[in-house]
Amino acid sequence: MKIRDFLGRFFGDYQLRDDEDIFGVGFVNSLFAMQLVLFIEKEFGITVGNEDLSLANFRSIGAMAELIERKRSGG
Amino acid sequence: MTDSRAPQTIKCLVWDLDNTLWGGILLENDELALKPAVREVIEALDARGILHSIASRNDPDRALARLTAFGLRDYFLHPQIGWGAKPDSLRRLAEAINIGLDAIAFVDDDPFERDQVKHTLPQVLVLDAAEVPRIPGLPAFQPRFVTQDSGRRREMYQCEIERRQAEARFSGSQEGFLASLGMRLRITEAQPGDLERAEELTIRTHQLNSTGYTYDYDELDRLRQSPDHLLLVADLEDRYGSYGKIGLALVACTAEVWTIKLLLMSCRVMSRGVGAVLLHHIIERARSAGVRLRAEYVPTDVNRQMFVTLKFAGFEETTASPATAPEPSMQGVGGGVNRPRVITLETDPVPLQRPPAYLDVLVGE
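Quick mapping for you: the protein sequence lines, in order, are chains A and B. The first sequence lines up with residues 1 to 75 when you count with our numbering. The second sequence lines up with residues 1 to 365 when you count with our numbering.
There may be inaccurate statements among the hints.
[Stated by the list, open to error] Sample of chain A residues lacking proximity to chain B, with all beta carbon distances greater than 12 Å (derived):
(1) Lys2
(2) Arg4
(3) Asp18
(4) Glu20
(5) Leu31
(6) Glu43
(7) Phe44
(8) Ala56
(9) Asn57
(10) Arg59
(11) Ile61
(12) Ala65
(13) Glu69
[Claimed, not checked] Okay, the calculated bits of chain B under chain A, using three or more residues with CB under 8 Å as the criterion:
(14) 265-273
(15) 309-318
[Said to hold, decoys possible] Partial selection, computed: residues in chain A whose CB lies under 7 Å from chain B:
(16) Asn29
(17) Ser30
(18) Ala33
(19) Met34
(20) Val37
(21) Leu38
(22) Ser54
(23) Leu55
Worth flagging that the hints you see were computed from the coordinates, not collected in a lab. Nothing here was measured: the structure is a model prediction, and the numbers come from that model. Glycine included, C-beta positions come from ideal geometry on N, C-alpha and C.
In isolation and in its complexed conformation, chain A is listed as follows:
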């Protein structure tokens, strides 16, 4: 899964669960947050509007997958 591969660059060998809070371990590094948003937009061909830019939508692999699904189905 592409999101998992991307996150692997940040988390190394640590195996993230789909529902695991990737921001739970500490501060949200703003550069990481930005790169995550840009990655999702580019890789999945969607535009993340201001209303979708919330921690809840990026908190876990599962949440990001849901966001992508919703944007792709035009929701």
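Could you slot chain B onto chain A? The hints should help.
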């Protein structure tokens, strides 16, 4: 690729150091002084949006310390200081800042170095150190347009280099690397001695800047002493030295609501993972004061990262309407013709997250 020299436009001037930028040889402990016209040439080209870098066979730490002492360190992007061949340095540089070799000029006093570059990289414009005072007048150094953006170009490239370096590190453990730096971030209320740099930050910082409002020295001095405002300065140091003052925040305070009018961080620390720390410090202070916390955000072409930072820190939009009152001075945002769109965000300041483990945060008065 063209083989004609005529239309060449230089985007980056790469300097040798010993007996080119300064007179004397660093490693022979000579008394060093900048060569005539060097500072003027650097400043003139910078204002045109032409970048500067370095290709020098030298000790990097000592050379950079000297450049800092001359007050020139910030002008040089991605300096190549070491023991490698200069054509390799120029190639690496072209790649790092993503420009063609034909957009690079190289100036060196040593005929051997010049010939080696000419021979290996014929696209590069090679100049003798004796020509330095004439450089601003050369045709290749006349950009077709000099705009407001020209002065911002160096910052843009600095950010880009920081970003790439951060990405390159992701192959290893990012947190491990950051922990190895021993970083200390100090947040203090602005003092008179901070204000010149604070003014400069409001003018020069565009990417990690929430609103782009600019304030001059006198305004900042007034705000610093105002009981209705909080003016915070952040400086950062690590085991390699000090980055100086790299963050600034202005908060307008009433009994019920605090509003972050300006939040900015220098691009030089973008890859250091400290950007959100100043924001979280303000959230914590607002929580202690028992007030609601708002932040203004003015979108530009380049500052989306600040919006992401605010949103991911728990801020939500309350309005997307134009500002009801004009700010004291807002040049430099959105072209300056239309009043920029101000988005107001709000959060209930709850204690969110611990500071990152790789960073010591000190709070002074």
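Right, here's what the structure says about each hint:
1. Lys2: 16 Å, holds
2. Arg4: For Arg4(A), whose nearest Cβ neighbour in chain B is about 14 Å away, the distance exceeds 12 Å, so it holds.
3. Asp18: At about 20 Å from chain B, Asp18(A) clears the 12 Å cut-off, so the statement holds.
4. Glu20: Given that every Cβ of chain B is farther than 12 Å from that of Glu20(A), nearest at about 16 Å, it holds.
5. Leu31: 6 Å, violated
6. Glu43: Holds, since 15 Å exceeds 12 Å.
7. Phe44: The claim holds: Phe44(A) sits with its nearest Cβ about 17 Å from chain B, beyond 12 Å.
8. Ala56: 10 Å, violated
9. Asn57: 10 Å, violated
10. Arg59: 10 Å, violated
11. Ile61: Holds, since 16 Å exceeds 12 Å.
12. Ala65: 18 Å, holds
13. Glu69: 21 Å, holds
14. 265-273: n = 3 at 8 Å, threshold three: holds.
15. 309-318: As far as the segment 309-318 of chain B goes, the hint holds, because 7 residues have Cβ atoms under 8 Å from chain A.
16. Asn29: 4 Å, holds
17. Ser30: At about 4 Å, which falls below the 7 Å cut-off, the nearest Cβ of chain B leaves the hint on Ser30(A) intact, so it holds.
18. Ala33: The hint holds - Ala33(A) has a Cβ within 7 Å of chain B, the shortest such distance being about 5 Å.
19. Met34: At about 4 Å, which falls below the 7 Å cut-off, the nearest Cβ of chain B leaves the hint on Met34(A) intact, so it holds.
20. Val37: Status holds, d = 6 Å.
21. Leu38: 9 Å, violated
22. Ser54: Nearest chain B Cβ about 6 Å off; hint holds.
23. Leu55: 5 Å, holds
The structure is inconsistent with the numbered hints 5, 8, 9, 10, 21, although it conforms to all the rest.
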